[in-house]
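Chemist: From first to last, the protein sequence lines stand for chains H and Z. Position one of the first sequence corresponds to residue 12 (the numbering used here), numbered consecutively onward. Position one of the second sequence corresponds to residue 2 (the numbering used here), numbered consecutively onward.
Keep in mind that the hints were calculated from the coordinates and are not lab data. Think of the CB as a built atom: it goes at the ideal place given N, C-alpha and C, for glycine as much as any other residue. Mixed in with the good hints there might be a few duds.
[What the hints assert, rightly or not] Residues from chain H that face chain Z, not an exhaustive set, calculated with beta carbons under 7 Å:
hint, residue
1, Thr175
2, His179
3, Gln272
4, Val273
5, Asp334
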Amino acid sequence: MIYRETGTFSTSYIEDRKLFPIPFDKWAMGVFLLFMVFVVPLIASDYWLAAHLIPILAYGCAALGLNLLTGMTGQLSLGTAGFMCFGAFFTFNIMLRSPEWMNLPLAMVLAGSVTGVIGVIFGLPSIRIKGFYLLVSTLAAQYFALWFFRSYPYFLNYATATVTLPDHHFDLFGIGDAFGVDMASFEAKYLLSLGIVCALALFAKNLMRSSTGRNFMAVRDMDIAASVIGIPVIRTKMLAFFVSCFYCGVGGALFCYAYLQVLGIRTFEMNRSFEILFMVIIGGLGSIAGSFYGTVLVYEFPILFSWAGDYLLGGAFDTAVVDNVAKILYGILIIALLIREPGGLAALWLTAKQKLRTWPFPH
Amino acid sequence: MKTKIWITGLAMATAMSVTAPVMAEGDVYIPMPVYRVGPYATGGTGYFGGIIDYYTLMNMKEGGVGGMNIIWNECETNYNDQKGVECYHRQKEFQGKQALFFDPLSVGISTSLVAQGRKDKIAIIAVNHGRTEGQRGDVFPYYFMPGINTYDEHSIITAYIGQLEGGMENLAGKKIVLLFHGSTYGREAVEFTHMLCEKHGCSSEAIEVPHPGNEQTSQWLKIRRSKPDYVVLRGWGVMNPVAMQTGVRMGFPISNLIGNIWSNDDGDVKPAGSSANGYQAITTHPTGRVAKVIDEIVANLYEQGKGDLEDKSRIGSNYWNLGVMAGVIHLEAVRVAQARFGADVNSAQVRWGFENLNLDTARLTELGANGLVPEIKTNCMDHVGGHQAKFMRWVYAETKWEVASDWIDGDVELSQAIIDAKAENAIANEGITPRDCNDPAQRDDFEV
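So that you can see chain Z by itself, here it is in the shape it has in the complex (with noise of 0.2 Å):
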């Protein structure tokens, strides 16, 4: 009886194990380090969701990517950094054919593998985020931040607030309150929002909110006492609403509150309820169906009922916009290195991909990415490229954000001196031999 339930198990297995993929001359693999369970599931599932619905779009369309089938594989990381490095390693080949990049949505796990990443000739991705002195492409071949840095982030926000005031030479004598996460990330942004308010002639003070931040009305009778102009929030998961709503008790303007890049989701404002009309934040990718390929996914994909996302109401939602912008950065960052390479690029190659990015307006409105997707230029000694971000306002009536502002440009002169002091400290310390990236040579070796 039991052999029989045995075998019987077995050949269900055997049976289903028909659907896993398998890769073919003309195929490319692309390792997927999703996070679908766990407490930053509903980034995970948005993010992945959305590189997944890319990548389904261009096989059904173009046959994958410069006629090269798209394969990938999932690995659960559970946002845990140690479960990403055995994923990484489990996945840096597949099938014999070695992964392209590889992407996994977090700080943790992709500073993990900076230096794993170079060994192995893998280029490791953190868009929007990610250890900031890697900008330094000649320091960091093998690691990549399209779109924006937290510095650019929080000099953008200083501009956006120039702009609400009428002009910068207006931000004199103003006050800045940086309000931060008790945490690495949290703290990444102390220093420059100082130096940012020297330049500018504003004051400013930072009040940290221990992890998780449930709790802040010691904090926000701190920013009442000292009665800022601006408060930014530079908060991550639960500390976002409830800032929102301790701000909007204690008397504090909402539209004076400016969210950062992770405090930009409807899952940090539709908790906060009515406090959170009128609050807005940075964004590099505008939410909602912005764009030609969100579209074509729709129609494509999720009207035929192939689409990834379980719940529909989430296309156009920030994380899966995110998602689906890096789907569309790097796919680009293959056809780069297709141009040159031929059709069958290795990992190597496609690093040299994403350090040749140039995605202009007139790229994206091909690839129909305009209006999600930031122009991407990078180079060798730039590895994040965009550095520009628009604002966006939420509408609690409607549920929606509305973009409130035009692409404005990060400070990358005052982040430059920063970004190279965090990157000779690295040169001495991490035995690290930087590149010349004006010897022509040098920078066009796609195998550093």
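The shape of chain H in the complex, shown without the other chains (with noise of 0.2 Å):
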């Protein structure tokens, strides 16, 4: 009954190119976002922001960038800490070294744009090596990214470990001042967290159905091809590089500024790249919504897990058995997950889309 087509016509090309073709998909994905622009913030404790919704954005954020560049142009990265790393710290510098009208998002695009240009720096191999090699060789951004920080302590400003980051960062053109509203509140940072994502997301998505987009997909089937049909192979996968690096430039300092409070070189080490590289296999490659389910099960299942077994066997069992069980049930439910649908969660909502469309009556 939902998600039919029957009676919505196009009669014109621009109709048929709408993101949302079907009525009830876009007054779903409208109301899902109003809901979380107006309701969340009224009804979410600390808790539910700051240690769910906003790290799923961040890392969600990431998730987009390294999509973008392996599931999208096909180009296998590991170095995606190393980039939100760089994105950070940048961020972090442009706003401690700027005059006072340096605002937050501002900072971001610039440091995504530096991060992005590095990306590109970093992605130059791709021109020759391609699969397994160049995931060594981004491996090579990771561990840049660590060392340089460590290196140069002025990019932490001399601190030891880690730095705090000021509230008075967050203040947007001295609106906080202005309206006696905090803006280094959680739902500050959730807002703020959103709508950067949710433009970014969008951009994304537009990216994709775009002549760039196609031509990132043609460079990820077969290079070879694509370059025999005119399609600029050096350029497309550099660009890929630049805005893949940026997403996650600006993922970092998501990461860093609204979820942790706290930059420090330690919180982009090697584990980081390889949990988002998860996100976006279990999510589905090149789904730009997948990018997002995959961030969701990925960090959530192991909290809601030993949440679950806290409630309900409580002091039963110490949090060793617990953690332990959780990681065994979760590396099952991957395991069974990639068997059943290699495409990963994305293709398995693609399939209950297509139910949908067709029920009740599916023959």
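Quick one: dock chain against chain with the hints and give me the complex.
Modeler: Encoded structure:
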């Protein structure tokens, strides 16, 4: 009954290229966004905002970046956390060393652009090498970022290990003072992250529908064939690295500013790169929405399990047992999911949507 | 059939949920952000085991703290910053009761929470470690590092080397090498080691061991070339036994290798085998059954099968003793607060308690903790309070540590300048308005 295309006709090409061709989809998305913007900040507690929604948005941003590179353009990367590290450190330094008028979203965009340029430099080997070999060379970006910021304490403002990010960095154009709003509250941080992530996701969605996006996919599917039909392969790959690292940089800045509230090198160690790679693979390579599904699953599952373990069995077993069982179940779930549906959660969702379209008469 | 299984499962779960802690009137709640799994589980199980054992003992013996029963619940952090932050937000309130303080035993987690703790008015505790400028209570009112800080640690090590040489004046002309772990933790001591040697006329050299440190031949060849009189080991995990073995193989006398506070666990020396015999390391809390309170825990808990450690041989080990020491400090802070505000204290009042600790020998004897816990006296400007430590020596034949020195004081004057500079930096860049510790009104206001 839902997701019916029947009766929906496009009378022009513009209408045919709409983001949500099915009206139900459009309405559902609209209601969802309105709910996220207006209702969630009112009803969600600090715990839900600070420990669930904000980290999911930050991770989601980075996962989206990696998905653009790996899922859309087919360039494997293990440097995600390194690029997040660049983004976070540059945002902090821009905020710290700029005059009054500088504000956080602008600083994130600038830092993201610098990260993008660094990404292009580390992406240069992709001209010659492919697949797993490229994975090794992007790994260099990961180690370089950590080494760089460890060696030049200037970027951490000479602090020993971590810097607490000051609240006044969050104030936008004096809105906080003018209206007496706490711009560093979790509600404000959540809305800031949500705004940035929505804008970036929309941009990514449209990018993939443009000729640039089609170039990305052509390079992914077979770069020799792509060059034969006249797609500038090198430029496309470099552009993919730039866009992807921009997203990762902004994601890293959100991770530190909105979520952890602390900037430190240890946040961006190797395992963070793997975590984001898993999010992308589980969510669905090459799917914008899939990046977020994967993020939610990878981030939430261990927490929800330990939470449930706490409430149901609290005290009966010690936390080590609950934690280890959670890891076992999590592993089984992922194996089962990837065997049943190698396309990840996004493919699962598409199947569900298809089923809903023909329901209740599937034949 | 399937439904049946579900119902049975649910019924079992409900039956078991009875064991979950339930808050009642007259309870205080303390969160327990443990790490029982992962690479640092030895530290986590020992430390939090010690705290839990001490709390349990107090619940049995004195009905809790100041007549208020102590309730806690666990949240597994894996020693992972991000999980720790999630645990903090989950645990800062439990069944309507606010957490009294938060002690995660992790530099990463505790520093991530410095600003958040202040907003929520919950003190963040980091025993014997943490962000060194956090000593300045006027700048970081909700951050406490009872015991010693990194600078104390290294000035005490230098003072001990002076004792071994028969006086500080004999340090002149000696050479000391700092062999440090290639991390922020390791690097923190480099600058200060040079400052100390400048003061005492010795020469110093810092050599880095890249993480994780399981191969140190090139570093020790370098040490052999520069012929130092002492090597100070600032290690972590596997780096420690490897340093001992490689050093001995290269002919460096083990008695001149001095370990820092994270290089002093049984787990550090045992893998090194006979090489570790005579190795000396700093500690704030001697290992073994050194205090009355430990004997009480053994008699009342472990002999009744109620202790938290699964492996009883770890009673008296380094991390477990540190946990008992932390438990003593925690509850003393609560008692100090209760003395001023009444039995049902809130977290801001306990913060004031942490700031006004006065654990002198008389009080420690009263608590049965003399010999385990160092004297700690905190105030508005000093959130560390102890600044003293002992040394112990590993006896391979008996597989135990023996106490090698009396309490030695840290060089507080020398470290104060560098702490102040870092605190000023935090004031300038983190938007902190410090309080005035000389103003009695601001000093005694518990809700900063």
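Chemist: Please write out, lowest number first, the hints stated earlier that are contradicted by the structure.
Modeler: none
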